[in-house]
Structure formats: structure tokens, C-alpha cells
Amino acid sequence: TQLLEQSPQFLSIQEGENLTVYCNSSSVFSSLQWYRQEPGEGPVLLVTVVTGGEVKKLKRLTFQFGDARKDSSLHITAAQPGDTGLYLCAGAAMKTSYDKVIFGPGTSLSVIP
Amino acid sequence: DTGVSQDPRHKITKRGQNVTFRCDPISEHNRLYWYRQTLGQGPEFLTYFQNEAQLEKSRLLSDRFSAERPKGSFSTLEIQRTEQGDSAMYLCASSSRGSKNIQYFGAGTRLSVL
Numbered sequence: 001t002q003l004l005e006q007s008p009q010f011l012s013i014q015e016g017e018n019l020t021v022y023c024n025s026s027s028v029f030s031s032l033q034w035y036r037q038e039p040g041e042g043p044v045l046l047v048t049v050v051t052g053g054e055v056k057k058l059k060r061l062t063f064q065f066g067d068a069r070k071d072s073s074l075h076i077t078a079a080q081p082g083d084t085g086l087y088l089c090a091g092a093a094m095k096t097s098y099d100k101v102i103f104g105p106g107t108s109l110s111v112i113p
Numbered sequence: 001d002t003g004v005s006q007d008p009r010h011k012i013t014k015r016g017q018n019v020t021f022r023c024d025p026i027s028e029h030n031r032l033y034w035y036r037q038t039l040g041q042g043p044e045f046l047t048y049f050q051n052e053a054q055l056e057k058s059r060l061l062s063d064r065f066s067a068e069r070p071k072g073s074f075s076t077l078e079i080q081r082t083e084q085g086d087s088a089m090y091l092c093a094s095s096s097r098g099s100k101n102i103q104y105f106g107a108g109t110r111l112s113v114l
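Protein sequence lines correspond, in order, to chains A and B. Just so you know, we're using this note's numbering here: the first sequence kicks off at 1 and counts up by one. Just so you know, we're using this note's numbering here: the second sequence kicks off at 1 and counts up by one.
Only chain A is shown next, with the shape it has when bound in the complex (with noise of 0.2 Å):
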């Protein structure tokens, strides 16, 4: 059974200070998806990473793919209360005939101004 761990599961930091957020698993995959949701919302999507060691940037976002293709982390520079909600990260399996995402409990985060 494929499991996606993220840490921490909560997270309360001061607007401008920066964060690092980690999803790991044993299990190999072909993508991995970053959501962003917020209360009685659906996730959002961030981003995607399909290459082992993948750096993607988006704004204040910075993400990474593992070199194995097991773990990712998104770095939040300057947090600002807009960042608050729940991060997510989705692993896609690998050999399976369709796209089945796995998703982890997610980060909850919330940034006090």
C-alpha cells in the first residue's frame, strides 16, 4: 500500500518569517501534485513535479521533487496571511492503467499577521 507522511501536520508562524513543509513516502512516483485548500473549499491545485530533483518556483513557492522520486518539499519565503490553508501533496502511482493520485493528511498552516 502506497502512503504519502507529510510534516509537520500543523503549523503556526508570524507573516514574514519563512517555512519548509515535507512529503515523504517508501514509494516511488511518476508525478507528484502540491494542492492548496482552504476551509469548505476544494484543493487547489499549486504545482507539478515530474523529474527526480525538480526545482519549481512559483512567487513566494519554491518546490521540490526528491532525486528518487519518493519525497518533495515546498518552501514558503515571506509568509503572508493569504498563505493560510491546508497544503497537500498527491503522489501518482506508478504503473497503474489510469491516474490514480494518493493523497497525504496535509499541512495545516496558518500565518498570524
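Please keep in mind that the hints were generated in silico from the structure rather than gathered at the bench. Check before you lean on any hint, since a few could be wrong.
[As the list claims (entries may be wrong)] With a Cα cut of at most 27 Å, we get these calculated DSSO-like pairs of lysine-lysine:
(1) A/Lys100 / B/Lys71
(2) A/Lys70 / A/Lys56
(3) A/Lys70 / B/Lys57
[Said to hold, decoys possible] What follows is a list of derived Cβ distance ranges for each label pair:
(4) B/Arg64 / A/Ser110: 35 to 43 Å
(5) A/Lys59 / B/Leu39: 27 to 35 Å
(6) A/Pro39 / B/Ser5: 30 to 38 Å
(7) A/Leu58 / B/Asn30: 25 to 33 Å
(8) B/Leu39 / A/Asp67: 31 to 39 Å
(9) A/Ile112 / B/Gln41: 42 to 50 Å
(10) B/Glu28 / A/Glu15: 19 to 27 Å
(11) B/Ser96 / A/Ala68: 22 to 30 Å
(12) A/Lys59 / B/Gln17: 16 to 24 Å
(13) A/Leu3 / B/Glu83: 23 to 31 Å
(14) B/Glu56 / A/Leu3: 17 to 25 Å
(15) A/Gly53 / B/Asn51: 34 to 42 Å
Quick reminder that beta carbons are idealized off the backbone N, C-alpha and C, glycines included.
Given chain A's structure and the hints, the job is docking chain B onto it.
Frame of chain A; chain B shown alone:
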């Protein structure tokens, strides 16, 4: 097209009643997924359609749950004889073939079973 839409956004029902949710995927997407999410957890896979064919069902999808996608466009998820444990957010997502597993989600239907 504005994305995946789900209806209703909220549903409150009494235990034992049947409920049905609808999902309209992004129009050019042939793949459709249903997930269930409880508070503080990530979405859990329920079932998957490619066009009108239901290709996989999770063990989470008990006999009281049924999903359809009769014309390969919109989908419905029905829960019969609802139980309090069914209370959750039900999310629908869609993707297109060859999209590198990128799924786009609707806003979800929040079900509360009293």
C-alpha cells in the same frame, strides 16, 4: 468552462435518508473521480470513471454507495440509508488523458447526517 462544479454545496439530512450529489467535470475531461474528506485529513479515493465506465471502486465505497456517469459527462454519487459516519466533504475531480495525473477539483459537497 469555469471548472468542476458540484451540487449541492451543502446537504443536511437525517440518518436513514438517501442523498444524491452531482458533479459536472471540465467539459473536455474524460476522467472523473470521487473522493471523501474528513476534517484534518487528505481526500480519500472512492471511485474513478473513464468516460462512462466505472473502472475502480475503493473498499471505502460500501454497498450503500453508488456512482454513475451515464453519458460520460456529469456524474452522480448516491448514498442510501445514510449514517452519521457518512458526514464528510465529498469531492469530485476530473482530468484528461495524458495530463500527467493532474486532477482539478470542485468545491465539494459538505454532507451532515444528523
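Hint check:
The suggested pairing of A/Lys100 with B/Lys71 holds, with an alpha-carbon distance near 22 Å, which does not exceed 27 Å. In summary, the hint linking A/Lys70 to A/Lys56 is supported, as the alpha carbons are separated by about 17 Å, within the 27 Å threshold. Under the criterion of a C-alpha separation no larger than 27 Å, the hint pairing A/Lys70 with B/Lys57 is consistent with the structure, at around 25 Å. The beta-carbon spacing between B/Arg64 and A/Ser110, approximately 36 Å, falls within the hinted interval of 35 to 43 Å.
For A/Lys59 and B/Leu39, the Cβ-Cβ distance of about 29 Å falls inside the hinted range of 27 to 35 Å, so the restraint holds. For A/Pro39 and B/Ser5, the hinted distance range of 30 to 38 Å is not satisfied, since their beta carbons lie about 19 Å from each other. Judged by the Cβ atoms, the range 25 to 33 Å given for A/Leu58 and B/Asn30 holds: they are separated by roughly 28 Å. The given range of 31 to 39 Å is respected by B/Leu39 and A/Asp67, whose C-beta atoms sit roughly 35 Å from each other.
Distance hint for A/Ile112 and B/Gln41: a CB-CB separation of about 24 Å, inconsistent with the stated range 42 to 50 Å. For the pair B/Glu28 and A/Glu15, the supplied restraint of 19 to 27 Å is violated, since their beta-carbon distance comes to about 40 Å. Between B/Ser96 and A/Ala68 the CB atoms are about 28 Å apart, so this pair conforms to the stated range of 22 to 30 Å. In this structure, A/Lys59 and B/Gln17 break the distance hint of 16 to 24 Å, their C-beta atoms being roughly 46 Å apart.
Checked against the hint of 23 to 31 Å, the C-beta distance between A/Leu3 and B/Glu83 comes to roughly 26 Å, which is consistent with it. Remark: the range hint 17 to 25 Å for B/Glu56 to A/Leu3 is upheld by a beta-carbon distance near 18 Å. In this structure the hint that A/Gly53 and B/Asn51 lie 34 to 42 Å apart at CB holds, the actual value being about 36 Å.
Hints 6, 9, 10 and 12 from the earlier list are contradicted by this structure; the remaining hints agree with it.
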